[in-house]
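> Using the sequences plus the hints, can you model the full thing?
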Amino acid sequence: MTCPLVRGVTKMILNAAAARLGQAYKETSDILQRNGLESTASIVNCVGGSNGDLPTEMQVSDLDDITAVLQNNDGEYVTNMIDASDKIGTSPLGDCYAMLCHSRMIPVLNNITGFRRKFEYGTGSINTISSEWGGINNIRAFQSSQGSITPSASLMGNDVGNNFIVALESYKVVFQRGGRAKYIYTPPGGHNDPAHLRHMAACQFYQGNCINNDLWVQNARSTGLLGV
Amino acid sequence: MLPYQIIKGGYFTSDSTLMKQVALNDRPDLFWLRDRTAWGDDAAETSVESWWRRGMAQGAAQTADQAVTSGILSTEAVTTNGFVFIDTSNPPVFAPLATTAIEAIGGTFVVTMANTGSIEVGDYVRLYGTTGALQIAGYTFQVTAVSSNSSITLGYMASSGITFAADATAGSVKKYYPNLMYPRWSYIANITQAVQAVVYFTSKNDYTPGEILSFRVSSDFGMEEINNVHARVLNVTNSSTVSSVTLDLDTTGYTAFAFPTSAEAAAGVSPAVAVPSSSGVIPLAGSATQPQIPEGMNLLDAFDNRNKYVMQMGSNVITSSSHVYDWVAIKYDDFQAE
Chain E
1 MTCPLVRGVT
11 KMILNAAAAR
21 LGQAYKETSD
31 ILQRNGLEST
41 ASIVNCVGGS
51 NGDLPTEMQV
61 SDLDDITAVL
71 QNNDGEYVTN
81 MIDASDKIGT
91 SPLGDCYAML
101 CHSRMIPVLN
111 NITGFRRKFE
121 YGTGSINTIS
131 SEWGGINNIR
141 AFQSSQGSIT
151 PSASLMGNDV
161 GNNFIVALES
171 YKVVFQRGGR
181 AKYIYTPPGG
191 HNDPAHLRHM
201 AACQFYQGNC
211 INNDLWVQNA
221 RSTGLLGV
Chain U
229 MLPYQIIKGG
239 YFTSDSTLMK
249 QVALNDRPDL
259 FWLRDRTAWG
269 DDAAETSVES
279 WWRRGMAQGA
289 AQTADQAVTS
299 GILSTEAVTT
309 NGFVFIDTSN
319 PPVFAPLATT
329 AIEAIGGTFV
339 VTMANTGSIE
349 VGDYVRLYGT
359 TGALQIAGYT
369 FQVTAVSSNS
379 SITLGYMASS
389 GITFAADATA
399 GSVKKYYPNL
409 MYPRWSYIAN
419 ITQAVQAVVY
429 FTSKNDYTPG
439 EILSFRVSSD
449 FGMEEINNVH
459 ARVLNVTNSS
469 TVSSVTLDLD
479 TTGYTAFAFP
489 TSAEAAAGVS
499 PAVAVPSSSG
509 VIPLAGSATQ
519 PQIPEGMNLL
529 DAFDNRNKYV
539 MQMGSNVITS
549 SSHVYDWVAI
559 KYDDFQAE
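Protein sequence lines correspond, in order, to chains E and U.
Position 147 of the first sequence, counted from 1, bears residue number 147 in the numbering used here, the numbering being contiguous throughout.
Position 14 of the second sequence, counted from 1, bears residue number 242 in the numbering used here, the numbering being contiguous throughout.
To be clear, the hints were calculated from the coordinates, so they are not data collected in a lab.
Treat the hints loosely; a few may be bogus.
As the list claims (entries may be wrong) - Straight line, CA to CA, 30 Å or less: simulated BS3-like cross-link-like pairs of lysine-lysine:
1) U:432 - E:172
2) U:432 - U:236
3) U:559 - E:26
4) U:236 - E:26
5) E:182 - U:536
6) E:182 - U:559
As the list claims (entries may be wrong) - Computed footprint of chain E on chain U; a stretch qualifies when at least three of its residues, placed anywhere within it, have a C-beta under 8 Å from a C-beta of chain E:
7) 352-360
8) 409-422
Each residue gets a CB set at the ideal place from its N, CA and C atoms; glycine is no exception.
Right under this line is the structure:
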């Protein structure tokens, strides 16, 4: 590839491919961690709601109960208190545990009495990440389309959202040395390509998931999810 | 684009269950199965050869039957108990089936079903809306016996010795495939009051001797003393009807384990579960005091992603037991579905 034009185009294509593979890698990494939490976290049914199912839709009393459980188990908060400010429509938030939810939990979160969207934080949404949805009392909620849902798992057969409420250092991800994401590009002429027709690209990583303390991770199960 | 390849193949000898699962390392576009024992033996054989192509419905198969003496093949298509491709991290979904009774007073946990669908022995099912026995609504079980279009038996629950005050009179049964991330928490069916407590589960468990388990048992289930307690596994039982672990934990002074009533469950409870906690010293053959020689920590409980691609073959393509079957899984260079 001595022609600058060809070299430039190839580089652009590879950059685009690397970006897509990068996203695939991180999503796969998240899915592995999600599945790890799903399989090992203690489960607690939300019972504070009023939809007649079991678990019910999540309510503030359920989150307060989990906060008490984690505090009783000596679980450390993940984030520090967000101070109050004199901005209209804002309010402070206590030291918080992190709650990892599926995006289908958003309507439930918004209906929790006293739930604060992140733009209502005392500092506004400064220092928050895009996946953060809001918080209440001592829980900050983060949502993702890759969150965990167990289909038809409630008393009435509705989908159940698995909301992992985690304390500081409750779980960890171990990356082996040299095993962080690796982009593998095979130019045409590789294995099974005698006519030099195909580019091949792949990503590879090694990842080990682990719960540090089973008492510091609670799965608050909730119904009332957005329908599909 | 992946190059065309035969991604896996092999052979197996069928057993009386007429069901077989083989693990694959990729999604196949074509799966082919042939009865090596019956092929060309001049005896009549249903489904002497079968195949499944990507795009066909789950459970379906195209098959060839062999005629007696002449060996002439005739074609057939089946819609159930053929091939089911399963990605355990993103498994197929099954429609719920109705039950009209679950026997719980006597503790047999036989689930009456006019239509048992594709449920087979070893499958996982989730129950819900179990009128009269809501304490197991949302629970998952492994099936230990199937009487086609009559009933299924939740034998692991039955062997735990637990009974309820009332049977269920209606409900839904939904087959599902569990995610195979390891280790996993388990629903508790019963816990004995003993010097070495035995914990029974509703399906086969994958715990190992030396592993430390932790328990989440609220007062709704009686034995609240065990809540948040960590205990070492001494023995593991995983038979065709019993799933249990023996613990290095004396529960003789604990309150008896019992499920809440249906009404109590409907009012809101969290299920009793065992969660994997950490690694412990491996015991010597179930002894609580003697470690294995040489001593060692149980490292079998390390986190592991055991999800896999599986091709399940049912009784409409494996039609004879003790026959040798050859199989091949193929992925096309360029699969076009138009």
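> Tell me, in ascending order, the numbers of any earlier hints that this structure violates.
Every hint satisfied by this model.
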